[in-house]
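**Student:** Given next are the chains, with one letter for each unit.
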Amino acid sequence: MKTAFLILASLLAVALSIFVGTAAIAPSDVLGALLGRGTETHGIIIRDIRLPRALLAALVGAGLGASGAALQGFTRNPLSGPGILGFGAMAALGAVLALYFGASQLVPFAALVSAALGAMLVIGLVGRRQGRDVLVLAGVGVGALATAVTGLVMNFAPNPWALSEIAYWLMGSLAQGDAADLGLCAGLTALGIAMLIYLGPDLRVMTLGEDTARTLGVNIGLTQAMLIAGVALCVGSGVAVAGAIGFIGLFVPHLVRFSITTDPARLIWLSAIAGAGVLALADLAVKGLSGAGTQLYLGILTSLIGVPVFLWLAVKRT
Amino acid sequence: MIRADKISATYGIRDVTLDFTRPQLVALVGPNGSGKTTLLRAIAGLLPVEGKLTVGTRIAYLAQKPEFQPTMSVRDVVELGRAPYRGRLGKLSKAGEEAVARAMLNTDVRGFADRPVGTLSGGQQARVALARALAVDASILLVDEPTANLDAAQALDVLERLKRESETALVIAAIHDLALAAHFADRVIVMDEGRVIADGSAEVLDGGVLAEVFGIMPPPGGWRVPERAAKRGV
Chain F
4 MKTAFLILAS
14 LLAVALSIFV
24 GTAAIAPSDV
34 LGALLGRGTE
44 THGIIIRDIR
54 LPRALLAALV
64 GAGLGASGAA
74 LQGFTRNPLS
84 GPGILGFGAM
94 AALGAVLALY
104 FGASQLVPFA
114 ALVSAALGAM
124 LVIGLVGRRQ
134 GRDVLVLAGV
144 GVGALATAVT
154 GLVMNFAPNP
164 WALSEIAYWL
174 MGSLAQGDAA
184 DLGLCAGLTA
194 LGIAMLIYLG
204 PDLRVMTLGE
214 DTARTLGVNI
224 GLTQAMLIAG
234 VALCVGSGVA
244 VAGAIGFIGL
254 FVPHLVRFSI
264 TTDPARLIWL
274 SAIAGAGVLA
284 LADLAVKGLS
294 GAGTQLYLGI
304 LTSLIGVPVF
314 LWLAVKRT
Chain R
331 MIRADKISAT
341 YGIRDVTLDF
351 TRPQLVALVG
361 PNGSGKTTLL
371 RAIAGLLPVE
381 GKLTVGTRIA
391 YLAQKPEFQP
401 TMSVRDVVEL
411 GRAPYRGRLG
421 KLSKAGEEAV
431 ARAMLNTDVR
441 GFADRPVGTL
451 SGGQQARVAL
461 ARALAVDASI
471 LLVDEPTANL
481 DAAQALDVLE
491 RLKRESETAL
501 VIAAIHDLAL
511 AAHFADRVIV
521 MDEGRVIADG
531 SAEVLDGGVL
541 AEVFGIMPPP
551 GGWRVPERAA
561 KRGV
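Chains as they are written, first to last, in our numbering: chain F, 4 to 321; chain R, 331 to 564.
Be a bit skeptical, because a hint or two may be false.
Just so you have them, the derived chain F footprint on chain R, three or more residues with Cβ under 8 angstroms [as the list claims (entries may be wrong)]:
(1) 383-391
(2) 408-415
(3) 511-518
To be clear, the hints were calculated from the coordinates, so they are not data collected in a lab. Backbone N, C-alpha and C define an ideal beta-carbon position, used for all residues, glycine too.
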């Protein structure tokens with residue numbers, strides 16, 4: 004029942020963000036444009052701008068939600084989020100480097116490559132050791148390094164415009180999202196989410212501790228490798244198209260845990276659905292709050308909303 | 331069922347040779363750091379070992395400090411014991427449901443089957459952990475300090491349950507309480523500094539081994555465990 008409500012609410016949020024935008028278009032015209040009828044202008048606005056943007060919000064949110072839930076399950080720590088593996092910071096570094104060299108059209112590609120590099124770095128650092136402690140250590144280290152190098156790149160930015168472009172990019176936005184971004188993001192995110200959902204039953208057994216899980220047939224090393232790959236796919240493709248979107252991966256699983264289930268396996272796909280809805284709503288708010296000339300950035304809004312919600316949940320639960 | 335031929339593991343056990351051939355209750359005793367936990371973990375396949383170790387059938391392992399997700403219901407925790415036999419989407423098989431029901435019956439946890447584990451007392455949680463291990467339906471049960479953190483009555487209760495299980499399964503339990511070990515075990519293995527010092531019936535706890543390993547003597551009149559009062563409340 005609650006699950007059905009969540010799915011419905013998320014679908015509604017995504018639909019709503021197709022119907023709402025800067026240009027006032029009547030709902031009937033929006034529907035018409037979606038079905039390929041109506042004026043050319045409406046067609047462009049709805050099919051080329053709003054639809055990809057809404058779907059991107061849903062995809063990125065779903066990837067971040069699933070990543071957060073899977074990481075919290077694997078580390079058995081509700082404070083984990085996609086950030087602790089450092090892939091977001093690595094993806095951002097790749098994008099920032101592309102911007103530094105003035106190759107803004109290469110940003111998504113550079114972000115993806117950099118996230119993949121981050122994943123390899125974490126795998127390399129972890130080596131044959133297994134378990135949450137070594138994974139978190141490696142991830143936090145890689146993330147911190149990426150953030151430091153990003154700072155260095157900004158430090159040596161060739162001119163103020165490059166610097167401001169980097170700074171704005173780091174705030175996260177879907178305003179420029181188009182069909183090409185969607186094409187890049189959709190497959191990778193879907194694959195990542197599928198890998199994480201696949202791990203669900205193993206994460207459920209791992210609530211008994213890593214040792215006990217191993218005696219129950221869970222291959223911790225394989226689980227860990229799939230987790231790294233799945234999170235890297237979700238976060239990497241998300242950052243590639245949207246920039247840094249904070250706190251969604253951390254607080255969405257809490258929202259689901261609080262309202263529907265604490266089961267680590269169901270939590271993953273439910274967090275994907277909730278993440279899609281939450282980010283679509285957040286992007287809707289961004290559209291509403293951005294006036295002409297002053298754009299509100301999505302990543303700023305998600306952090307601003309996410310932190311208090313997270314703190315509220317944390318206080319209420321303890 | 332288990333054959334260990336001169337097995338060693340780093341920082342734990344050295345040249346341990348042991349043979350387990352039939353269902354019985356085996357008590358591993360020895361001071362802290364003597365290698366009991368390492369030996370259990372080695373048999374459970376959790377540690378790399380040197381030497382030849384053959385474990386014939388599926389094992390169930392009960393860690394010294396069982397972990398749970400506090401919000402998970404008792405039944406769900408016990409069902410995790412069936413993980414080795416379940417597909418990713420599969421429901422419990424008929425045999426699985428029977429094993430879970432039997433495990434919950436034998437540990438008296440059915441009364442709070444739907445409660446979150448986190449709301450239970452320490453003694454109740456110990457029974458849930460045992461039920462989870464029993465649900466594996468393995469013919470070898472490895473138990474690390476099952477009575478740690480339990481009061482005297484609860485400890486007695488757990489040992490009685492393990493004793494019952496040992497009629498059909500090989501139960502190897504690391505036990506600190508020498509009285510419980512002497513009273514319940516069919517076979518006692520004394521360990522010290524990673525080696526097996528004595529291996530035999532409970533009588534090994536009566537002799538000089540004790541003085542040598544622990545620096546203590548059995549109490550006058552021998553090891554005794556508390557009696558059950560007429561009205562029991564665990």
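**Student:** Each hint: holds or not?
**Tutor:** Each hint, compared with the structure:
Counting residues of the segment 383-391 of chain R whose CB falls under 8 angstroms from any CB of chain F gives 3; the rule of at least 3 is met. For a cut-off of 8 angstroms, the count of residues in the segment 408-415 of chain R with a CB near a CB of chain F stands at 4, and the three-residue condition holds. Against chain F, the segment 511-518 of chain R contributes 0 residues with a C-beta closer than 8 angstroms to a partner C-beta. That does not satisfy the three-residue criterion, and the hint is violated.
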